[in-house]
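Engineer: Chains A and B, in that order, give the protein sequences.
Quick note, the first sequence lines up with residues 0 to 416 if you use numbering that gives the first Met the number 0.
Quick note, the second sequence lines up with residues 0 to 416 if you use numbering that gives the first Met the number 0.
Please note: incorrect hints may appear among the correct ones.
No copy is singled out in the list; a pair is fine if it fits within one copy or between any two copies.
[Unchecked claim] Below 35 Å or equal to it, Euclidean Cα-Cα: the simulated DSBU-like pairs (lysine-lysine) are: (1) K275 x K144; (2) K77 x K6; (3) K6 x K275; (4) K275 x K206; (5) K394 x K206; (6) K394 x K6; (7) K6 x K160; (8) K142 x K347; (9) K142 x K388; (10) K275 x K24; (11) K347 x K77.
Just so you know, the hints here were simulated from the structure itself, not pulled from any lab data.
As a plain string of letters, each chain reads:
There are 2 protein chains.
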Amino acid sequence: MSILIRKVQLNGEVRDILVEGSLIKEINADLQMAAEIIIDGSGKAALPSFFNGHTHAAMVLLRGYADDLSLSEWLNNKIWPTEARLTEEDVYWGTRLACLEMIKSGTTFFNDMYWHFHGVARAVEDSGIRAAPSAVFIDLYDKSKAAEQIALNRRLFEESKRYSNRVLFALGPHAIYTVSKESLQWARDFAAENDVFIHLHLSETEKEVEDCIRQHGKRPVEYLHDIGFLGPQVIAAHAIWLEDREIELLEEHDVKLVYNPTSNMKLASGVFPYTKITDREIAAVLGTDGCASNNNLDMLEEMKFAALLQKMNSNNPTVLSAHDVFQLATAAPARVFNINSGSIEEGKVADLILVDLSDINLVPNHQLIPNIVYSGNGGCVDTTICDGKILMQNKRVEGEEEVLERAREVAFALTAS
Amino acid sequence: MSILIRKVQLNGEVRDILVEGSLIKEINADLQMAAEIIIDGSGKAALPSFFNGHTHAAMVLLRGYADDLSLSEWLNNKIWPTEARLTEEDVYWGTRLACLEMIKSGTTFFNDMYWHFHGVARAVEDSGIRAAPSAVFIDLYDKSKAAEQIALNRRLFEESKRYSNRVLFALGPHAIYTVSKESLQWARDFAAENDVFIHLHLSETEKEVEDCIRQHGKRPVEYLHDIGFLGPQVIAAHAIWLEDREIELLEEHDVKLVYNPTSNMKLASGVFPYTKITDREIAAVLGTDGCASNNNLDMLEEMKFAALLQKMNSNNPTVLSAHDVFQLATAAPARVFNINSGSIEEGKVADLILVDLSDINLVPNHQLIPNIVYSGNGGCVDTTICDGKILMQNKRVEGEEEVLERAREVAFALTAS
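The following block holds chain A by itself, in its conformation from the complex:
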């Protein structure tokens, strides 16, 4: 398939963009050529689509179900009992809804950790976007549970080969307080052998650090270092409560970190040490976390929270500019997840969006990136293209009504019982 996007704003200039197959074939001021699909880009700007670095996509089913609660009440009385009832079909429709929301708000990749791996992976396939799904791996330090989980993940890894290259199998050891040392070490070895990512929660709350010190006599990153877990395959979400020595270890092992500002604020977890992280050579990306603690998957909103939280926290309005935070959701995660997109250039994979410059939040348009980061939201996105295929045009996604209807049914059935 070929797509010609005519007369679109790209980096402040009017350009034609030709997409052939999955790639951006040519960018020029005026491409006089035929294409199967022509998109009128006038009044629109082209941008790379967004990467969501950490989420639990199907939790969108629980959006708005349990807010303003303490962490223990939220988890023990609301989230966990409901999640225990989830079927693979529920997760499929929940993830379809999440993918629809992501497509509508310009996101074409998410790094996921959730139950019912195949529910997630099938939804990603059917939605047309990309993801690195991982099954939640929890053994609670129980050897038989660990063996089950290892067997399950070996099987899922093999089975995941049936999916397209838009689905990147990853391991999802939940956190150090739910997964045994031996299982973490197994994950390290399996990831190295099979070249897959390891996605875990790390130092999200102060309590996690205190418990680790009590149990292991050291802080979480030191513990993970000492058991040999750290490495370039590790994608650690939250990474809030870090001392300088731990940040050095993360850099030394090329661990990747995910900043989740909205969730961190909503659950009062703490503040990601952005300036300390970026003073070093540590890759950081941005994520929304799940919808039960955000409560949406809008990466433009997340960018605004990300920048403003760091400005406030460092008492410096120049910290984490709009341009820098935009990179945390585009070029930086493209490098981290090794996907040849994240910017609009010839030869790159066509993962891109068109934003509507007549959107009320984008008028006037003195500078596009600050404008969409600080004033825009997902609703500014008009067209979403992933892997060279149009997933949304004129704000319409094929089949969206069915997804809304099925996801609503699943959500109400889940919480009605």
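Chain A is already provided as a structure; the job is to place chain B on it using the hints.
Structural biologist: Below, chain B without anything else, positioned relative to chain A:
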């Protein structure tokens, strides 16, 4: 005019709402009656429209023009030189654009402080919403400037009587560091005699407090108390750097406060002491501040920032619930500004919105208020009614294209020079 909204969700039940003239005449399960306009409310929920407690509406012209700068560079090199070139016509179109953005995001009242009073007031009249515009009153401790400003405000007050009751004249003494004691005392007397509000900035930055202590030997609220300025007409924006004794004085004098979380985070000003304020009988409302420091006028986004900032700052996820923050933008400001709306009840003024329950951010809809506060944004609003008149239906505002076009022209001419 009469409007019948049929089968709309209201507080979790399906209702018909009859609007006659400017008032909500009747609410019932099934109103079998004729009306000049029938709105199909199915798939929608009715909510009170929003009040923006502090803004500089026409600054939307400078949205995205100067971000990520230090306060002094932002003001001295970018904002003030540009504002010095503003004409009344510029302010008119800037305010029209701001009103359009507010109507689209469900806001029907704003408390404003800006240059060219009549530019603001005419735009409010023509847009159909409500506002309390005030002319920026700055005398820089200069007696002849003070006399000019006083004469100007006396004249504007008289001239403002030509507008409808949707325009509430207010005084706008900018702040204690830009307005002399004598002018503040004049404002107090004029406000009391003429029953108008006094809108000022108060204790927005730590520097303002330090300068006040250096100049007057006391903190800002103590200074305002000692010169007899404080009273129930005073609406103080920001109110961040307050000691307990100052909070007592604010309560004693029934001063109203405006919390501006997004601007406060973006400019790294500090955190509004919400829990200390609401431990006392002090009225607090929510505002966006101007678009040069926000950068939009979306009160739903502001509610999310408001709640999450307080949760983070107090290390307690139960602080400032979605329901409480919703009140800060509806019922609380309706009381403060003495407008008989802010909730949907028979006999109230019809300032209300319909939100689209099929908006991707509102699916599923376990609880409407948490859903729109934490997941929604202004784009969820389908219909906006102010004073019994439909300003937006099906997301369309009459004449919006002209407003976008004219405001774009003004914005580019302003910043091109």
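Engineer: Determine for every hint whether it applies to the structure shown.
Structural biologist: Hints, one by one, checked against the model:
Within a single copy, K275 and K144 get their C-alpha atoms no closer than 38 Å, and across copies no closer than 48 Å, so neither meets the 35 Å cut-off. Taking the shortest alpha-carbon separations for K77 and K6, only the inter-copy value of 31 Å comes in at or below 35 Å, while the best intra-copy value is 50 Å. Taking the shortest Cα distances, K6 and K275 never come within 35 Å of each other, neither inside one copy (42 Å) nor across copies (54 Å). In this homomeric assembly, K275 and K206 come within 35 Å of each other (Cα to Cα) both inside a single copy, at 22 Å, and across copies, at 26 Å.
When the C-alpha separation of K394 and K206 is checked against a cutoff of 35 Å, the pair qualifies neither within a copy, at 43 Å, nor between copies, at 46 Å. Taking the shortest Cα distances, K394 and K6 sit within 35 Å of each other both inside one copy (19 Å) and across copies (27 Å). For the homomeric pair K6 and K160, neither the shortest alpha-carbon distance inside one copy (40 Å) nor that between copies (50 Å) is at most 35 Å. In the homo-oligomer, the alpha carbons of K142 and K347 never lie at most 35 Å apart, since the shortest distance is 45 Å inside one protomer and 65 Å across protomers.
With identical chains, the CA atoms of K142 and K388 are never at most 35 Å apart, being 45 Å at best within one copy and 68 Å at best between copies. Taking identical chains as interchangeable, the C-alpha atoms of K275 and K24 are never at most 35 Å apart, the minima being 39 Å within one chain and 59 Å between chains. Proximity of K347 to K77 under the C-alpha cut-off of 35 Å is found in neither arrangement, the shortest distances being 43 Å within a copy and 37 Å between copies.
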